[in-house]
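Peer 1: As a plain string of letters, each chain reads:
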Amino acid sequence: MAHDHDHQTENEGLMPNLEHDEHAHDDHGHHVHVTPFMPMLLVFVGLLCLTALTLWTAKAEYFYVSNSVNLTVALIIASFKGLLVAAFFMHLIYDKAINTVVVVASMFAVVLFITITMIDIGTQDMVDKTEKGEIAVGGSVQIQVDESGNRQVTRGVYSPFWSDNPGLSIVEQAKNDPENVKKYNKSHAHDDHSGDDHSGGDH
Amino acid sequence: MTTAPISSGAELAAKREPHEDYVHQHHWRNAADEAEAAKFGMWLFLATEVLLFSGFFCAYAWGRMTHYGTWREASHAYLDWKIGAVNTVVLLLSSFTIVMAIRELQLARKWRAFVYLGITNLCAIFFLVAKIALEYLPKLQDKKLPGANFWYYNPHGTHDHLFMSVYWISTATHGVHVLIGVLVISWAMYWTARGRYGPKNFMFVENTGLYWHIVDVIWIFLFPMLYLV
Chain A
1 MAHDHDHQTE NEGLMPNLEH DEHAHDDHGH HVHVTPFMPM LLVFVGLLCL TALTLWTAKA
61 EYFYVSNSVN LTVALIIASF KGLLVAAFFM HLIYDKAINT VVVVASMFAV VLFITITMID
121 IGTQDMVDKT EKGEIAVGGS VQIQVDESGN RQVTRGVYSP FWSDNPGLSI VEQAKNDPEN
181 VKKYNKSHAH DDHSGDDHSG GDH
Chain B
204 MTTAPISSGA ELAAKREPHE DYVHQHHWRN AADEAEAAKF GMWLFLATEV LLFSGFFCAY
264 AWGRMTHYGT WREASHAYLD WKIGAVNTVV LLLSSFTIVM AIRELQLARK WRAFVYLGIT
324 NLCAIFFLVA KIALEYLPKL QDKKLPGANF WYYNPHGTHD HLFMSVYWIS TATHGVHVLI
384 GVLVISWAMY WTARGRYGPK NFMFVENTGL YWHIVDVIWI FLFPMLYLV
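Those protein sequences? They're chains A and B, same order as listed.
Numbering-wise, the first sequence is residues 1 to 203 according to this note's numbering.
Numbering-wise, the second sequence is residues 204 to 432 according to this note's numbering.
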């Protein structure tokens, strides 16, 4: 009977107490955070407003900048909406930080996958050019020559593959090097003279 | 025994609900540890869900970059953004109501929680019905199918079928998640009505809510990507 009575008093006290301080206690003093009403309602209204904003920025003619800019804007708004849902609806700001760690880790993976995919696609047209030796990743060498055609200075030039004037490959650089041009002409002079009848007039 | 008024101890003792006598499993130190561990486990599962959908987002990024113009045109030609917008609002509402259901359980008001869960479930069913009746069935009849089954009746571009592949796989996977959500929320409704969940024990409903929110968040991203821009 005493046991029942304990429960009874607890029950009678439970409801008004809860309404008052919004915290429930179980038999072991376990502190339960009761989801607050007003913040959640505000988050819901905020989500509806952001949905309207997404529709507006995506559909209004005067908001159209370009294909990719509008996609970026839409994704930023969507990320903000997702953040609101995760932080409030999914209780992350009230919970232990370890749950947030899991979310951040999975988000990191998503961003990593998409970034690597985009880098891969964005550089695919460089593969052929690089393999053919038309361009070199990482830049080129600038060679300064004096009046007599001798190499004076060789300088590295930063001109990566995405620049307007991407760096030459090692093969192309070697072909342009005056020292090599001299050697090439010396060693191939005989071949040029006898091997090709049509070019005989040049010599 | 005399007939007592409704607020008497005997009457309340007779009306005790299962959740009031909830005791955590014996291998936990206390109820707080049990609830936190269950929640953490749910978050780990949600991380795998995010990674599942990240594959579809990568496919989208690929299509967007390799078929820059047609991607947008196909989206505008085959998808109706108004259906997507209504479904977005419906899912947001359902997310809010399931949050409220958990609040009512924490305050030991089970019938209010039941009604909120019911609204959530109706929203989920509305989403599925709208999706199937207004989008999937017309597209099936129109042969706007993924990949090689796509029929270029009136083509807007040369790579529309790739867009439809990404559309079908991502929305169908999401739809399956909504369907699972309907079943799980129905389960939660049944046991809420039976009095299993209350201030001491709302772990199952809370984890159902987490699952439902991740379904909502994924739709928050799919909607603008597929329907709008």
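Hints listed in this document are in silico derivations from the structure and should not be mistaken for laboratory results.
We put the CB at the ideal spot given by N, CA and C, even for glycine.
Do not take every clue at face value.
As the list claims (entries may be wrong) - Covered stretches of chain A, going by a simulated chain B footprint (3 or more residues, C-beta under 8 Å):
| # | stretch |
| --- | --- |
| 1 | 44-51 |
| 2 | 57-67 |
| 3 | 91-104 |
| 4 | 107-117 |
Peer 1: Now, for every hint given, state plainly whether the structure supports it.
Peer 2: Hint-by-hint comparison with the structure:
1. Three residues within the 8 Å Cβ limit are the bar, and the stretch 44-51 of chain A against chain B gives 4, so the coverage statement holds.
2. For a cut-off of 8 Å, the count of residues in the stretch 57-67 of chain A with a CB near a CB of chain B stands at 3, and the three-residue condition holds.
3. With 7 residues carrying a beta carbon less than 8 Å from a beta carbon of chain B, the stretch 91-104 of chain A meets the three-residue requirement, and the given coverage holds.
4. For the stretch 107-117 of chain A, the assignment as covered by chain B holds, since 6 residues bring a beta-carbon within under 8 Å of that chain's beta-carbons and 3 suffice.
Figure legend: structure checked against the earlier numbered hints; every hint is met.
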